[in-house]
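2 protein chains.
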Amino acid sequence: MSDLPDLQTDEQVDEPEREAHLALEQDVREAVWEQDTRWLSRTLTRLHPADAADLLEQLSTDDFAEAVKLLHGQLPTDIIIELRDEYREEAVDVLPDEAVAAVLEELDSDDVTTILEDLEDDRRERILDELAPEDRASLEQGFAYAEDTAGRLMQREYFAAPEFWTVGHAIDHARENADDLPDEFYEVYVIDPTHRLKGQVPLATLLRTPRDVKLADIMEEVQSNISVDMDQEEAAYQFQKYSLASAPVTDDADRLLGMLTVDDVVDVIQEENTEDLLALSGVNSADGSDTVLDSVKARAPWLAVNLVTAFIASGIISLFEGTIDQIVQLAILMPVVAALGGNAGSQGLAVAVRAIAEREMDGDASRRAIVRETLTGLANGVIFAIGVAAIAGFWFQSVGLALTIGIAMFATFVWAGFSGVIVPLALRRMGADPAVASSVFVLTLTDVMAFFSFLGLATLILL
Amino acid sequence: MSDLPDLQTDEQVDEPEREAHLALEQDVREAVWEQDTRWLSRTLTRLHPADAADLLEQLSTDDFAEAVKLLHGQLPTDIIIELRDEYREEAVDVLPDEAVAAVLEELDSDDVTTILEDLEDDRRERILDELAPEDRASLEQGFAYAEDTAGRLMQREYFAAPEFWTVGHAIDHARENADDLPDEFYEVYVIDPTHRLKGQVPLATLLRTPRDVKLADIMEEVQSNISVDMDQEEAAYQFQKYSLASAPVTDDADRLLGMLTVDDVVDVIQEENTEDLLALSGVNSADGSDTVLDSVKARAPWLAVNLVTAFIASGIISLFEGTIDQIVQLAILMPVVAALGGNAGSQGLAVAVRAIAEREMDGDASRRAIVRETLTGLANGVIFAIGVAAIAGFWFQSVGLALTIGIAMFATFVWAGFSGVIVPLALRRMGADPAVASSVFVLTLTDVMAFFSFLGLATLILL
Chain A
1 MSDLPDLQTD
11 EQVDEPEREA
21 HLALEQDVRE
31 AVWEQDTRWL
41 SRTLTRLHPA
51 DAADLLEQLS
61 TDDFAEAVKL
71 LHGQLPTDII
81 IELRDEYREE
91 AVDVLPDEAV
101 AAVLEELDSD
111 DVTTILEDLE
121 DDRRERILDE
131 LAPEDRASLE
141 QGFAYAEDTA
151 GRLMQREYFA
161 APEFWTVGHA
171 IDHARENADD
181 LPDEFYEVYV
191 IDPTHRLKGQ
201 VPLATLLRTP
211 RDVKLADIME
221 EVQSNISVDM
231 DQEEAAYQFQ
241 KYSLASAPVT
251 DDADRLLGML
261 TVDDVVDVIQ
271 EENTEDLLAL
281 SGVNSADGSD
291 TVLDSVKARA
301 PWLAVNLVTA
311 FIASGIISLF
321 EGTIDQIVQL
331 AILMPVVAAL
341 GGNAGSQGLA
351 VAVRAIAERE
361 MDGDASRRAI
371 VRETLTGLAN
381 GVIFAIGVAA
391 IAGFWFQSVG
401 LALTIGIAMF
411 ATFVWAGFSG
421 VIVPLALRRM
431 GADPAVASSV
441 FVLTLTDVMA
451 FFSFLGLATL
461 ILL
Chain B
1 MSDLPDLQTD
11 EQVDEPEREA
21 HLALEQDVRE
31 AVWEQDTRWL
41 SRTLTRLHPA
51 DAADLLEQLS
61 TDDFAEAVKL
71 LHGQLPTDII
81 IELRDEYREE
91 AVDVLPDEAV
101 AAVLEELDSD
111 DVTTILEDLE
121 DDRRERILDE
131 LAPEDRASLE
141 QGFAYAEDTA
151 GRLMQREYFA
161 APEFWTVGHA
171 IDHARENADD
181 LPDEFYEVYV
191 IDPTHRLKGQ
201 VPLATLLRTP
211 RDVKLADIME
221 EVQSNISVDM
231 DQEEAAYQFQ
241 KYSLASAPVT
251 DDADRLLGML
261 TVDDVVDVIQ
271 EENTEDLLAL
281 SGVNSADGSD
291 TVLDSVKARA
301 PWLAVNLVTA
311 FIASGIISLF
321 EGTIDQIVQL
331 AILMPVVAAL
341 GGNAGSQGLA
351 VAVRAIAERE
361 MDGDASRRAI
371 VRETLTGLAN
381 GVIFAIGVAA
391 IAGFWFQSVG
401 LALTIGIAMF
411 ATFVWAGFSG
421 VIVPLALRRM
431 GADPAVASSV
441 FVLTLTDVMA
451 FFSFLGLATL
461 ILL
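Going down the list, the sequences are from chains A and B. Under full-length UniProt numbering, the first residue of the first sequence carries the number 1, and numbering increases by one thereafter. Under full-length UniProt numbering, the first residue of the second sequence carries the number 1, and numbering increases by one thereafter.
By construction, these hints were calculated from the structure, which means they are not laboratory data. Keep in mind that this is a model prediction, so the values were computed, not measured. Check before you lean on any hint, since a few could be wrong.
[Said to hold, decoys possible] Okay, the calculated bits of chain A under chain B, using three or more residues with CB under 8 angstroms as the criterion:
| # | segment |
| --- | --- |
| 1 | 266-274 |
| 2 | 318-328 |
| 3 | 344-355 |
Glycine included, every Cβ here is placed at the ideal spot set by N, Cα and C.
Pulled out of the complex, with its shape left as it was, chain A reads as follows (with noise of 0.2 angstroms):
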């Protein structure tokens, strides 16, 4: 244990409770290092397959390797859906062509359609080979639709009942078809002859309803409307908006094709967030597992265009060089301006980008955002030109310093404002996502706005 850091973790979890917890992980360590598979499997086991999953993640990625390879076919296949996506991966990666086919079959369709995904295109093709061609088609069939749609994330199990059912028969149905029906579901959906999808029954409406009672008369309308090829962030929002626990997946001629679940989506809210904020910092991606050649590539692209963006400021200086020459004092107020004006464009941008995010941005309200955050530029832009100004005009003694970086000040606030919220507005009409690259456009344009305004008016005002 004496090599674990004692960087404190969560203030929830009790001392003794977590010594116990490093002292496991370190177990599973030396159980890997000593090759001790049959203590492995039996700890493994004994947890719920997110506890164990979490355990494995603990490892360092060659020791997690070597535990897979060492556990192979014991590895429950309950685990591995559970692991992180980078380990997930891993542990495809390792375990050999059977054993992969081996945990498709035994997982529900949205998991399988995870595991393909997974796989290059070639093992792909390989392992699915190996299974029979109706279990090939089946587990194929999610894959058909594409990647970040609903019909990527639905699985193909669920409870349906036809109208004239009545609770009582579909409560038979269940008890006798017990293995066909998915684990975890928390709603029947009422479907015609034809397959169409009339209603929904959740279960505690089925529980509470007298056995003779048809679906018919208790089910509800489903007020969701997710398709097949809807993007997977628009199903996500129909769960926010009507609080669901899981929703009918149809097509477009609204026939029943599968249910999504509210801990798919759950991860897929995760997933925009995240890419959100990573995305307002120029970063493209980023997990746990990233070696220096991942962040390298996810960060240098965005860090180039910064270069450009970054001449072309120096760009804007140079024309006032001869200014600069003869106040030296500019040049070590310049990056005052810049840094505020840069941190105001910043805060209106992650306000705009959040809003979007939230449909808070939809017609009226774009307009609104547009004038408040040029008020608030304002308003601050008063606040910190006179602070600004009452430092600078009193670090080097001259009113005329103090009027110009006040005014430039000023000047670079109310365009902040007007940027932050501008440039993801026009990205997002463009069509594109309103986070990515909104940061370098917000911070060059306050950026030249700050040099131009603060040497220009110094070249005025002062010489």
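Guided by the hints, dock chain B onto chain A, whose structure is given.
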């Protein structure tokens, strides 16, 4: 319709549907202006509460308040609870005390708590006084738990059954007591005579099990472990980890007190994500109905901190006033080093904050991250040092200047990589939110390094 902007809101919505929606929005607006209460009330009740709430949120704040006043007692409770925080607060503000009291009596306990939270202390007292003492006691119960705990978020309505009951017994009980059960639930909680939680039976399991089987024989262990005083963020983490749709909430003695459902948890996840995104950009809070004053209040404090740090950077530059006076090109290139270094630091910071939020930064992982980020800084440092040196050297035709900026750039990148990850980890260790204030620290650290190394080296090499 002509006064509505044509900003594209969602590619998924087709044009005719979108136009119909805009027309409906306009009709609602006009109904408010014309005080057509009857049409308004009928239109809103016809829609799903979430859709009706959406529609009302399209109104300006004044029109919205007007609409609530018009509808008065006829604004359905379902719609109130679906409104976004700021609109719900507004609605509760506008409604008379008796109307709010009537709303409270209709709601599930978790929604009651939400509304009570919206009220000013003395108004809450006044409204609670209007209720019968026993109602009041029950309504206030949820409010007794601290803010942001599972106790505040949970509802006290759930379905619990003793271990010796059979499936048939549970179903019969649900049918006979249909009205006492919550509208939505996904599990039956199995308790002992002292109300201690023994296990749970998902409704899907209940449904497919024969009537004479005992609940004790089909119940599952409850994987989550959520106590009333647990932080809601920790509860949300358990929902994600164990893919839950609902979970029981217990006291310290493991007695069942309430139930959390995933729709409330999804809101918590969104909130936490939003907080991180805003905090990273130096904004304390934001929502769609913020006034300019709200925005200034949420942002000025961080701008004030930035004002101080910007002048610290200026102070560093002023140390080298003499050098800049002799070589004005330094003033032109200075911001390039600061901008790129700051960008590299922000990238690392965003990655670290995300990893901490997703609990990928425990134990060994944080040490690995520090190494990876520093090496990433090193790698990007080499690439961009060469790039910047080449451009600067070519621009100003000076090998010395190229060398100076190249080395400074490299040092700043390595430093940025290290600070980007160490600052949030240090904040977390001190028990602070790693997203809040991180940006200011990281940018100050990179600015200081950028200016100090570039101007310092220039003094050594070029003078």
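Tell me, which hint numbers fail for this structure?
none
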